[in-house]
Each structure stands twice: as structure tokens, then as C-alpha cells.
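First residue of the sequence shown: 1, per this note's numbering; consecutive thereafter.
Bear in mind the hints are in silico, worked out from the structure with no lab data behind them.
Please read all numbers here as calculations on a predicted model, not as lab measurements.
Cβ coordinates follow ideal geometry from the N, Cα and C atoms, glycine included.
Here are the simulated lysine-lysine pairs, BS3-like style, with alpha carbons at most 25 Å apart: (1) K325 x K34; (2) K114 x K145; (3) K77 x K57; (4) K32 x K106; (5) K328 x K102; (6) K145 x K26; (7) K325 x K106; (8) K319 x K333; (9) K274 x K251; (10) K211 x K224; (11) K114 x K102; (12) K325 x K261; (13) K272 x K209; (14) K171 x K319; (15) K171 x K332; (16) K325 x K159; (17) K220 x K272; (18) K251 x K272; (19) K69 x K82; (20) K274 x K220; (21) K308 x K159; (22) K328 x K171; (23) K333 x K85; (24) K26 x K102; (25) K26 x K350; (26) K57 x K69; (27) K32 x K347; (28) K69 x K350; (29) K308 x K251; (30) K333 x K109; (31) K220 x K251; (32) K167 x K319; (33) K181 x K325; (34) K106 x K167; (35) K34 x K109.
So the derived label-pair ranges between C-beta atoms look like this: (36) M200 x K325: 44 to 54 Å; (37) D289 x K333: 47 to 57 Å; (38) E247 x L286: 32 to 42 Å.
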Amino acid sequence: MKNIKRILSFITVITMLLTVTGCHKKNEIAIKAKDLEFTSAYYMCSLITADSLAKSKINENLTEEEAQKEVDYYSQKIDGKKFEKWVKDEALDSIKEIAAVKLLCKENKLELDKETIESAEYYADYYWTQYGYSALYEPNGVSKKTFTEFMKDSYYSNKYFDFIYGKDGQKELNSQEVVNKIYDNFIIADVLQATFTSEMQDTDKQALKAKLDGYVNDLKNGKKTFEQVYNEYNNVTEENHQHSEDEDVPKDEYAQILGAKDTGYDSEYYSKIKDMAIGEVNLLPLENDAGYILVIKQDITADEYYAKNLDSTARHLMKDEEFEKSIKDYCKKFELDVNNYAVNQFKVKKIVQPDYSNAY
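Taking the hints into account, I'd like the entire structure generated from these sequences.
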């Protein structure tokens with residue numbers, strides 16, 4: 001799970017990085033872990049992820065004033081380490097933990113199923129083509145094949161986690177406790193967001209507020225359904241309204257999952273909406289006077305979809321800390337055999353910001 005988080009954390013960073021490095025031989029082995037081998041290009045994937053994570057950590061601690069200026073990341077420290085040192089250590093630690101879960105899966109005869117592999121390949125292709133990752137990796141000698149392998153390996157952590165804590169796992173969790181965790185940390189609500197635009201004058205904002213107040217009254221009085229309000233506000237007609245044909249979908253297609261802090265579904269409005277009664281309608285202001293959200297709190301316990309689809313998330317909330325400690329403990333049982341010549345050719349300081357105006 002931790003390695004998935006690392007990669008997902010890297011994916012959501014808006015300012016991705018383009019690295020200019022030295023050349024390396026095709027399929028050059030940079031790192032070995034027992035009978036596992038990782039190429040120089042694979043190490044480069046890990047290094048880019050670590051560099052992006054490091055910058056994110058620094059950015060999170062910047063004041064508003066500091067955030068407005070150009071940041072000298074290389075003069076910063078993370079956990080008492082110089083920036084470059086932290087990035088290099090994190091890259092190797094990440095590979096070691098990937099190796100650990102792959103070795104543990106091998107020891108327990110666990111393999112990624114066809115559906116998981118297809119999912120990994122789909123997302124790798126999506127990020128590569130739709131998010132412009134080819135422009136990020138190819139200049140570093142990282143092929144789409146290597147990036148896909150890097151993405152696929154991140155799924156082994158979840159595979160082993162389920163083997164331990166999933167249904168019928170070695171340390172299977174009490175199903176009712178899992179459900180309770182879901183209902184304690186997640187809510188659902190129909191949400192309509194109305195954001196002010198830069199062109200709006202005060203009179204326009206007041207008119208929008210009056211319109212939303214009208215929707216609230218109509219909903220409270222039963223004159224309109226949320227679907228009618230949503231379609232009216234967004235100019236959606238039956239002809240252009242696309243209904244999902246999937247079988248595994250919520251009963252309420254407009255319901256959104258809102259989670260407590262550090263749940264993966266974090267919402268700044270979670271506490272306010274959680275305190276509302278089921279069916280209650282409310283109009284809440286967006287932060288920084290950016291507009292409003294119209295919400296109707298719904299009953300998450302009334303739809304089995306959420307207990308099913310948030311099951312894995314809840315188990316991770318309950319056991320990630322214990323699981324990650326067990327992986328770190330396993331990592332102590334073996335050492336990485338690092339080809340310093342292959343690894344040291346990649347310099348953290350050569351990482352530059354890409355020009356996204358030409359990246360797509």
C-alpha cells in the first residue's frame with residue numbers, strides 16, 4: 001500500500017519533473033535483491049518518484065509568502081537529510097520495499113491475477129499517453145515497458161496485504177469492525193458545486209446565491225428532486241444525460257463519497273455534512289468566497305455498494321501502520337546489491353522543470 005501511495009502521490013503532483021541524465025546501457029542491471037533484478041531505467045523511475053515526493057513535502061510546509069517565490073529545493077533538508085541525500089535514499093528504500101513484497105508474494109506463491117495486471121497496464125498507458133508521462137520518462141531512457149513494469153510492481157503490496165488482512169487472510173479482520181470503520185469515516189451526499197468566475201460582479205454572485213437558495217427551498221418542499229436541480233443548473237437534458245451501464249454502481253448516481261482526514265477521500269466539508277441529518281439540505285460556502293456547494297446528506301448504510309467497495313480502504317486504514325512495519329522488518333533480512341556505476345550516473349540536481357506547453 002505504501003508503494004501504491006508513493007506512486008499515486010507522485011501522479012497527483014501538478015508540477016511533474018523532466019530529468020536530464022547520462023546515458024546507460026539498455027537493460028543494464030543497477031540493483032539486485034536476492035534473485036530479483038532492477039534495471040537502471042527502473043531505478044530512474046524510483047528516483048523521479050522520490051524527487052517529486054521530496055518537493056511535495058517541502059511545498060506542504062511553505063508559507064503563503066514562500067510559495068509565491070522560486071524555491072531552492074537543493075538547499076532544503078527533509079528529516080534532517082540534505083535534499084539530494086533524502087531523494088537517493090528514498091529511491092533505494094522504495095525499491096527495497098518493492099522487492100520485499102515481491103519476495104514475500106513469491107514465498108507464499110502469490111501472483112497478480114489477470115484483472116490486476118490489466119488494470120496496471122491500463123493505468124500505465126493512461127498516464128503515459130494522457131498525462132504526458134512519455135515526455136517525462138523517455139528523455140531519461142525510460143521506455144513505456146519499464147514504466148508499466150514499475151506501475152505493475154506497485155500492486156504486489158496490495159496483493160500481500162490482502163493475503164494477510166483480507167477476507168480469509170492469515171489475520172483476517174472482523175467483518176463488522178471493518179463495516180464500522182467505513183461508517184465512522186465516510187459519508188455520502190448529493191453535491192452540486194457552484195463556483196464564482198473571475199468575470200462575475202457582486203450582482204452576479206448575489207443572483208447565483210438567490211438561484212441556489214431557490215433550489216434549496218424547492219428541495220425542502222419536495223417541489224424538485226436533486227436530479228432535476230442538478231440537470232437544470234448544468235443544462236442537462238435527457239438526450240445528453242449519460243446513465244452508467246455498469247452493474248456495480250451506487251443506487252444514487254449523484255452521491256459522492258466524503259471522507260475524514262487521511263482516508264483517501266478527504267473532504268474539507270466532511271465534519272459539517274456528517275453533523276447534518278439524513279435527507280437534510282444545506283448550502284455551504286466554499287473557502288475564500290469561491291462560491292457555494294448545495295448538499296443533501298444521504299444514508300451510506302442504506303446502500304450495500306459502499307460497504308463492499310470501501311472494504312479494502314477500511315482494512316488499510318485499520319492495518320496499514322502494522323503492515324508497513326512488517327515490511328520494514330522484512331527488509332532488514334536482506335541487502336540490496338547496488339551497482340554504483342549504474343546508479344550514480346543519475347544526478348538529482350540535473351532534474352529540471354519541464355515545459356508543458358510543448359509536452360502534449
